[in-house]
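**Student:** Just need the whole structure built from these sequences, with the hints factored in.
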Amino acid sequence: MTAVVTGVGVAAATGLSLSAHWEQVLEGRSAIGPITRFDSSRYPVKLAGEAGDFHTAEHVPSRIAVQTDRWTHLGLTAAAQALADAGIEPADQPEYEMAVVTASSSGGTEFGQREIHRLWSKGPDHVGAYQSIAWFYAATTGQISIRHGMRGSCGVVCTEQAGGLDAAARSRRLLSNGARMVLTGGTDASLCPYGLTAQLTTGRLSTQTDPAVAYRPFDRQADGYVPGEGGALFVMEEESAAVARGAPQIYGRLSGFASTFDPAPGSGRPPGLRRAAELALADAGLGPADIGVVFADAVGVPELDRQEAEAITALFGARGVPVTAPKTMTGRLYAGGAALDLVTAMLAVRDEVLPPTVGVVEPAPGYDLDLVLRARPAPVTAALVLARGYGGFNAAAVVTTTRS
Amino acid sequence: MTGRTAVITGIGVVAPGGTGTKAFWETLTAGRTATREISLFDAADFRSRVAAECDFDPRQEGLSPQEERRMDRAAQFAVVAAREAWADSALDRGGLRPERIGVSLGSAVGCTMGLEDEYVVLSDAGRFWEVDPTYRVPQLYGYMVPSTLAVEVAWASGAEGPVSLTSTGCTAGLDSVGAGVQMLVDGLADVVVAGATDAPISPISVACFDSIRATTPNNADPEHASRPFDLHRDGFVLGEGSAVLILEEKSAAMRRGAHIYAEIVGYANRSNAFHMTGLKPDGREMAEAIRVALRQAKLDPQAVDYINAHGSGTRQNDRHETEAFKRSLGERAYQVPVSSIKSMVGHSLGAIGSIEIAACALAIEHRVVPPTANLHHPDPECDLDYVPLTAREHDVDTVLSVGSGFGGFQSAMLLTRSGRA
Chain A
1 MTAVVTGVGV AAATGLSLSA HWEQVLEGRS AIGPITRFDS SRYPVKLAGE
51 AGDFHTAEHV PSRIAVQTDR WTHLGLTAAA QALADAGIEP ADQPEYEMAV
101 VTASSSGGTE FGQREIHRLW SKGPDHVGAY QSIAWFYAAT TGQISIRHGM
151 RGSCGVVCTE QAGGLDAAAR SRRLLSNGAR MVLTGGTDAS LCPYGLTAQL
201 TTGRLSTQTD PAVAYRPFDR QADGYVPGEG GALFVMEEES AAVARGAPQI
251 YGRLSGFAST FDPAPGSGRP PGLRRAAELA LADAGLGPAD IGVVFADAVG
301 VPELDRQEAE AITALFGARG VPVTAPKTMT GRLYAGGAAL DLVTAMLAVR
351 DEVLPPTVGV VEPAPGYDLD LVLRARPAPV TAALVLARGY GGFNAAAVVT
401 TTRS
Chain B
1 MTGRTAVITG IGVVAPGGTG TKAFWETLTA GRTATREISL FDAADFRSRV
51 AAECDFDPRQ EGLSPQEERR MDRAAQFAVV AAREAWADSA LDRGGLRPER
101 IGVSLGSAVG CTMGLEDEYV VLSDAGRFWE VDPTYRVPQL YGYMVPSTLA
151 VEVAWASGAE GPVSLTSTGC TAGLDSVGAG VQMLVDGLAD VVVAGATDAP
201 ISPISVACFD SIRATTPNNA DPEHASRPFD LHRDGFVLGE GSAVLILEEK
251 SAAMRRGAHI YAEIVGYANR SNAFHMTGLK PDGREMAEAI RVALRQAKLD
301 PQAVDYINAH GSGTRQNDRH ETEAFKRSLG ERAYQVPVSS IKSMVGHSLG
351 AIGSIEIAAC ALAIEHRVVP PTANLHHPDP ECDLDYVPLT AREHDVDTVL
401 SVGSGFGGFQ SAMLLTRSGR A
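So the sequences go chain by chain: A and B. Counting in the UniProt record's numbering, the first sequence runs from 1 upward without gaps. Counting in the UniProt record's numbering, the second sequence runs from 1 upward without gaps.
These are computed hints drawn from the structure, not numbers from a lab. These numbers come from a predicted model, not from an experiment. No residue lacks a Cβ here, since even glycine has one placed at the ideal position from N, Cα and C. Check before you lean on any hint, since a few could be wrong.
Said to hold, decoys possible - Computed, partial: chain A to chain B, Cβ under 10 angstroms:
#1 His59
#2 Tyr96
#3 Gln113
#4 Gly123
#5 Ala138
#6 Tyr194
#7 Pro265
#8 Gly268
#9 Leu315
#10 Gly389
As the list claims (entries may be wrong) - From chain A, some residues computed to sit far from chain B (all C-beta separations above 12 angstroms):
#11 Gly28
#12 Pro34
#13 Val157
#14 Asp351
**Tutor:** In structure tokens:
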């Protein structure tokens, strides 16, 4: 069973389509800027990767928009794009063979804040009828399924920032359990006062004010990441079925997945990222030498960057493989981040060009990584995508070319 | 499923009516209801003031002061249930490789109590929209992301294999066990800790169900407020709790002489793509999930001898699933006992699916079917055998358990007595 991606939708700061996103990341143009969605003067974090060009009214029918959070608006938008891109008209497909599996980190954060705020400032009668369906983590999957009449298996995976890969892995499994196509990936949007305050407690957010250097993983002065919003959803199918139905394009193959978990704090045991990468390579039937680029998790927190650099060099040797993190241009998208990396990696393999990591001024000594700081042509046939979720989640995926 | 079969070798439960699997089963077989007036907060201003609450003292249940502080109530439930499940499995934890232990937890609303409690402080009871970050607690982000629940169970289990949290609303507790079974069947782990947890009895959850009139307004008679399949039912009763199962591969479990409660032989979920909260009366998509689960288990409807219903106690649900059973099982639907334990332990959203799987495993173990409490006036449109009021001795070899939830999700799972499938 070979899983391929036949349609992609993107809603992020770098663009509201895959092509716009790809063009911007190849140019190395960061979309990080000052927070505008609310007054951030009270908070130490001033920057974000807001999906500034995204206006819900242009993409989501108002009837649905009022009953959903921004995270779902972004998800519905990416979902519709992905289906159209894949040339799939859901009404023409067997209803039970279309599945939806999305990743979510924090659900309808802004919607939830608004309703809790009403409850505590005005009383229980002021809580709206849509709180019960907008805030919970399953809202995006449910709304996509309803909007497109997809009655197959439904899933919602929450492994924080590893979610985009874990949802895709679960989707690939559904293809061998009778699903003809799966709409999968993830989005997130928690840029509201309460969402940002919660994120502050991890101590991982950058408090820099210069967008050009605020998020610089693997840099000597790395001191955190910039949060963003949005993500990607894509259509996954079995390759021969996609060919048989005359899919307009195949972006690439999803050849390997694996997930591991870090040991409990204080155990003295090694972290699990390297093992996830090894297992994903084994799942794909490939070795490190086959991988032409690594899309790093690249948290931008020195301790975590060091751990990741060690995992990469242990597997590939010192400066043994190009490493990149185009998420430096969108900020970290939580459940949407790894999903967007996956489709970006697919285009890197398709077009044989590696998108850059921006913001890095001086790579930290000792990491021994071949960081891609400018777009670089490379005859790459396979990419490894890494993702980690808060608390200890590790996920890895291998994307390969369809060229023979 | 394929060559590998998942079996249940350990059970842990935190449920209204008593903590621990033994107390849980006693509640169910006594037909005792654990629904009561809400005591977890002052609910005087709310439409529905009834809930099924756990009498749960984290310290008495073995959590340390630091664990208690760090964890939301939902996480506390899950960790206590996981520890009981591990002990019940009699597995030698020291002999297991951490890389081969997986976790598949489920939850509908995550750490909603912690999130709300902290919001009250940071917004100063709704005074500031731009909440004051000065008063933030270190675990706040952990409350915002429900994955924390899986993290805590992984730590408590020494798991370093695949760990995930499934959050498909009110079917999450079936879907998380289904995902755990898949991990095991696919060989990604040798032992999977699978279950679900929810602790939603807080003002925001009660208010949001109030606003759509989904929960019961029967505040005058809390003990009898959860009345699935009864003509006088008037909404569900919110509950809380957790159940965690230890899943192992059948041959490995047999080799070590484990006690096997049941095999999990079929699972499927489908979506109605109709409405986020509404159900069509025809039960079509739930019936499809049941059919797919039967096909996967290579069983025909005649094999089913007990149905653990979703039975939430809303009119649309009770009719919807009654139709789904008839559609998928035909005549067999009329011949087998069908019951809803939500009549006793309430509807704990995502958690209840796993709590119900625990009840199904115990029904197979003890050859007893738990009753539907409070069922005095059968709804004529619900014309199956709902086991009113009293538990029944019954040779239960194969159980069907179903769940239905917001988003339009419908799930079905099949368990059999080990050795039969």
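**Student:** Now look at each hint and say whether the structure bears it out.
**Tutor:** Okay, the hints, checked on the actual structure:
| no. | hint | verdict |
| --- | --- | --- |
| 1 | His59 | violated (19 angstroms) |
| 2 | Tyr96 | holds (6 angstroms) |
| 3 | Gln113 | holds (7 angstroms) |
| 4 | Gly123 | holds (6 angstroms) |
| 5 | Ala138 | holds (4 angstroms) |
| 6 | Tyr194 | holds (5 angstroms) |
| 7 | Pro265 | holds (8 angstroms) |
| 8 | Gly268 | violated (12 angstroms) |
| 9 | Leu315 | violated (17 angstroms) |
| 10 | Gly389 | holds (6 angstroms) |
| 11 | Gly28 | holds (30 angstroms) |
| 12 | Pro34 | holds (16 angstroms) |
| 13 | Val157 | violated (6 angstroms) |
| 14 | Asp351 | holds (32 angstroms) |
Against the hints set out earlier in the document, violations occur for numbers 1, 8, 9 and 13.
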